[in-house]
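**Student:** Modelling step: build the complete structure from the supplied sequences, incorporating the hints.
Chains as they are written, first to last, in the numbering used here: chain A, 1 to 535; chain B, 1 to 409.
Think of the hints as simulated: they come from the structure by calculation, not from any bench. Some clues are possibly wrong.
[Unchecked claim] Derived SDA-like pairs (lysine to any residue); straight-line CA-CA distance at most 25 angstroms:
{"hint": "1", "chain 1": "B", "residue 1": "K86", "chain 2": "A", "residue 2": "R342"}
{"hint": "2", "chain 1": "A", "residue 1": "K396", "chain 2": "B", "residue 2": "L42"}
{"hint": "3", "chain 1": "B", "residue 1": "K162", "chain 2": "B", "residue 2": "N151"}
{"hint": "4", "chain 1": "B", "residue 1": "K81", "chain 2": "B", "residue 2": "L42"}
{"hint": "5", "chain 1": "B", "residue 1": "K342", "chain 2": "A", "residue 2": "P395"}
{"hint": "6", "chain 1": "B", "residue 1": "K10", "chain 2": "A", "residue 2": "V434"}
{"hint": "7", "chain 1": "B", "residue 1": "K86", "chain 2": "A", "residue 2": "P395"}
{"hint": "8", "chain 1": "B", "residue 1": "K353", "chain 2": "B", "residue 2": "G68"}
{"hint": "9", "chain 1": "A", "residue 1": "K30", "chain 2": "A", "residue 2": "R342"}
[What the hints assert, rightly or not] A partial selection of chain A residues facing chain B, derived with a Cβ cut-off under 10 angstroms:
{"hint": "10", "residue": "M391"}
{"hint": "11", "residue": "A403"}
{"hint": "12", "residue": "E430"}
[What the hints assert, rightly or not] Derived CB-CB ranges, DEER-like:
{"hint": "13", "chain 1": "B", "residue 1": "P84", "chain 2": "A", "residue 2": "N423", "range": "31 to 39 angstroms"}
{"hint": "14", "chain 1": "B", "residue 1": "G155", "chain 2": "A", "residue 2": "R511", "range": "53 to 61 angstroms"}
{"hint": "15", "chain 1": "A", "residue 1": "R511", "chain 2": "B", "residue 2": "E157", "range": "36 to 44 angstroms"}
{"hint": "16", "chain 1": "B", "residue 1": "D50", "chain 2": "A", "residue 2": "Q422", "range": "17 to 25 angstroms"}
{"hint": "17", "chain 1": "B", "residue 1": "V286", "chain 2": "A", "residue 2": "Q517", "range": "55 to 63 angstroms"}
{"hint": "18", "chain 1": "A", "residue 1": "Y100", "chain 2": "B", "residue 2": "R234", "range": "53 to 61 angstroms"}
{"hint": "19", "chain 1": "A", "residue 1": "M510", "chain 2": "B", "residue 2": "V123", "range": "54 to 62 angstroms"}
A virtual CB, placed ideally from N, CA and C, is assigned to each residue, including glycine.
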Amino acid sequence: MDNREFDVIVIGGGITGAGTARDCAMRGLKVLLVERMDIATGATGRNHGLLHSGARYAVTDMESAEECIRENMILRKIARHCVEETDGFFITLPEDDLGYQATFAAACNAAGIKAEIIDPGLARRIEPSVNPDLIGAVRVPDGAVDPFRLCAANVMDAKLHGAKVLVYSVVTRIMKEGDTVKGIEVLDTRSGQKSEYYAPITVNAGGIWGNAIAEMAGAHINMFPAKGSLLIFEHRVNNVVINRCRKPANADILVPGDTVSVLGTTSTKIPFEECDGVRVTADEVDLLISEGEKLAPALADTRILRAYAGVRPLVATDDDPSGRSISRGIVLLDHESRDGIRGFVSITGGKLMTYRLMGEWTADLVCKKLGVSQACRTAEVPLPGSEPVSMEKEPKKKIFAKAETGRHGGLASRIRHENELQNSLVCECENVTVGEIEYAEDNLDVNNLVDLRRRTRFGMGVCQGELCACRAAGLLKKAHRCSDEAMDDLKAFIEERWKGLYPVNWGAAMRENEYTQWVYSGMCGFGEYDTEPTE
Amino acid sequence: MNENFEQCLKCTVCTVYCPVVPVNTDFPGPKQAGPDGERYRLKAGLFYDDTLKYCLNCKRCEVACPSGILIGDIIQKAKMKYGPQKTKLRDAMLAETDFMGSVATVFAPIANPVLAARPVKAVMDSVLKIDHRRTFPKYSGQKFVTWFRKNMAAGQEKYPKKAVYFHGCYVNYNYPALGKDLVAVMNALGYGISLIDGEKCCGTALIANAMGKRALRQARHNVKAIESASDAGRLPVISTSSTCSFTIRDEYPHVLGVDNGKIRENVSLAVKFIYSLVENGEVKLVFKPGYRSKVAYHAPCHMEKLGWNIFSEELLKMIPGLDLTVLDSNCCGIAGTYGFKKENYEKSQAIGKPLFDQIGKVAPDFIACDCETCKWQLEMSTPYKVKNPVTILAEALDLDATAKANNHQ
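**Tutor:** Below you can see the structure in the form of structure tokens.
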């Protein structure tokens, strides 16, 4: 076969596309994964990072709840380095109906989610940050999952199984012969070159952007973009996930993720034109804080690191053109049977938690169409990095060594620490060394500083790039071919950080931003900043 | 979050002012050991890093911080919470100043030559890892408290005003002469002195050696004892050690979580107390004619943290014939028990070098300093004697004339 011909083309480098590509590649298919930007740039990287137990859906959507708990248990096994087993509480506050707790716990247990009603006093002892006024608590197997790592591990494993991955490559055309999709035309946004790739099946896993991809193929999916905004707090406020035990609402989940706590979300329908470059508004920030402090009162005076928003790809069921009946479950569309378009499949809906199952269903359909009879193995075969590693209390071991093991799991042993330079910290807040950055650039498809951030947590700490961005800009040897490129990338990185800082620019964050501006305007010669972030 | 660590701007000025960083590349500096490390420790205790033991607890980082973060406190608390829970015998011996002092003063005639003897130092060096190059402070044959009770206590009632003296371990076990000077000066100013029943070591060495439980017990005991001795904080409580004052005032509530609210405002240093009396016109000082001395003043780190070195300097400037040089702000390197440990000796001396060099250039008659451990370090590392400003005052004042000028006796 020609290197432009594949068995299956997967469009979208989010977690769904990555999981689908991995599954197909593991079944022996020749896979091309195409992403318009970096991996995990859409909704994949813009959520809580909650390892749902499914409890949230147990009362209203038993099927989703069952899917969640199954996938939850699978991810603990196949993606150990991406998961933190924190457990979660569903708390009842005095203004909530305590009667709901029993209904909730019963529904959870019926769905296979171990839900245990515990004494509020015990909940306070286990998680001292929880609202002390709580009148009820249910413990469930929630956890935290790092979506960047999870997505990168799936992409890495797809590649290890022979998949080709193109990032910064926009699909400009879906090529059809009659009613049959034959392949795609792709624009490499870095080189400006267009190329054509062919496969008997093309999978649309574009998230909310999958709507436009379907249109390109001549199909219509009734999708509704819903913006969800979240806040990141400076440090861990809680070590157990805290949810409200009531009908799901705004800002009712607080997740401890890596070094921070994440609070969210809001939900607002937005037009498709706004999906790129969504902004967090002042009203959303206010809403998040006022609701969030009911979960953990300390949030009211904890420094907020940044705000961000993602767009959920909500899909209306096909029999309801009004869009009122939104499915939160997995939506797998075979456009051949649905629209008479052969060789084209869309996978959408669902959630981060069920990405693997979405990949499995999609790969099943792809294999059926191709006449391949390989079984899915993604639930059993661990992802690269998931090997068990010791995270014991070793006071002699440097923090950075423990931090990188936390980030890369078993693959951390590949990071070289052979000299003083490789042991030097680039990002002091998140303990990222020169060695880790070299490893990321050599092995993890890093094309710029923002990609580097998603692979390592560089620039994600308290100073949001103030100290580390200029250091890292000098280190990316392959991505930056000259110092002008390094400067442009540095500017873009600082602007990207500023976008998330702008909505929460007060108090300590504002002082930090002033200081950052002195560093970059005064020392690095960046000139004045625009007050409002630029796109 | 009373340490305020989330206010950190990452400006790193604390690390610039840390005396350990330039001499010990293993120490990541206060920013990383403090606010940066704390975020990771909040995630999981396993991120505790052994290098925190290199912190001197000098608090120079806190003085430097533009955001008011109690960086030193964060580090001390982390050592207690996440560090090794077993204390080494050596550290316990250095930190348990009351126990060691009580034993050694009884046997002072034996203890002093023994501690100075080469074979003993060699054994302490190899077995206990107490550096053999270190000079031990001499133990006194009679405790200050014993002397005071025998000779002075009865006469204190006749003075019109009252002050409580927190003498500390050093005055009690090693150098009662400073306590005697304090009593003489305060009496001349019309203040009768009383001691604190059951006073214990302030606990600074216990904190620095991460012996949190012992420190906590001592702090609780002292706060109660000071409350009762000072009529619930109504009487002034003065000390002649900058570190004792600092520990009681700030380390008790910040590091140990002990409420000292009733007494904190009245716990002070003798120099500050005396300076305020002079400044307010409440007392007059009459100096001996013909007093002459050339003095170099070293401000101890904890004195700078208190912000009180100005009082020592201004008081010394009041003495006619005293030629004062205020030395540059530097840590002397000993930091209490830190410099006694074998693994720290070289670093300790390297930290102090700029200070030793400057003192050599000034070539004073003696050095003035408010801290006993700085005194040990400077007397060992330079050819000069170190005197507490209170002792200098006692030597320069005409005590009888001062007493008369203050209308009593």
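**Student:** Evaluate each hint against the coordinates.
**Tutor:** Quick rundown of the hints versus the structure:
Proximity of K86 (chain B) to R342 (chain A) is assessed by CA-CA distance (about 71 angstroms); at most 25 angstroms being required, the pair is judged violated. Between K396 (chain A) and L42 (chain B) the CA atoms are separated by roughly 19 angstroms; this keeps the pair inside 25 angstroms, and the hint holds. Restraint check: the Cα-Cα separation between K162 (chain B) and N151 (chain B) comes to about 18 angstroms, which is no more than 25 angstroms; the hinted pair holds. Under the criterion of a C-alpha separation no larger than 25 angstroms, the hint pairing K81 (chain B) with L42 (chain B) is consistent with the structure, at around 11 angstroms.
Taken as a hint, the K342 (chain B) and P395 (chain A) pair is honoured in the structure, with Cα atoms around 20 angstroms apart against an allowance of 25 angstroms. The hinted pair formed by K10 (chain B) and V434 (chain A) meets the criterion: a straight-line CA distance of about 19 angstroms does not exceed 25 angstroms. Among the hinted pairs, K86 (chain B) with P395 (chain A) is consistent with the structure: their alpha-carbon atoms are about 14 angstroms apart, no more than 25 angstroms. Restraint check for K353 (chain B) and G68 (chain B): not satisfied, since their Cα atoms lie roughly 29 angstroms apart, outside the 25 angstroms limit.
Between K30 (chain A) and R342 (chain A), the direct Cα distance comes to roughly 19 angstroms. Compliance with the 25 angstroms bound is thereby established for this hinted pair. The restraint placing M391 (chain A) at the interface with chain B holds, with a minimum CB-CB distance near 6 angstroms, inside the 10 angstroms limit. With its C-beta approaching chain B no nearer than about 7 angstroms, A403 (chain A) sits inside the 10 angstroms limit, and its interface hint holds. At its closest, the beta carbon of E430 (chain A) sits 9 angstroms from a beta carbon of chain B; the interface hint therefore holds under the 10 angstroms criterion.
Here the CB-CB span from P84 (chain B) to N423 (chain A) is close to 24 angstroms, at odds with the stated 31 to 39 angstroms. Roughly 57 angstroms separates the CB atoms of G155 (chain B) and R511 (chain A), a value that falls within the hinted 53 to 61 angstroms. Remark: the range hint 36 to 44 angstroms for R511 (chain A) to E157 (chain B) is contradicted by a beta-carbon distance near 56 angstroms. Restraint check, D50 (chain B) to Q422 (chain A): a C-beta distance of roughly 21 angstroms satisfies the suggested window 17 to 25 angstroms.
Range check, V286 (chain B) to Q517 (chain A): about 59 angstroms between beta-carbon atoms, so the 55 to 63 angstroms window is met. Roughly 57 angstroms separates the CB atoms of Y100 (chain A) and R234 (chain B), a value that falls within the hinted 53 to 61 angstroms. A C-beta distance of roughly 59 angstroms is found between M510 (chain A) and V123 (chain B), which places it inside the suggested range of 54 to 62 angstroms.
Checked against the numbered hints listed earlier, the structure breaks hints 1, 8, 13, 15; every other hint is satisfied.
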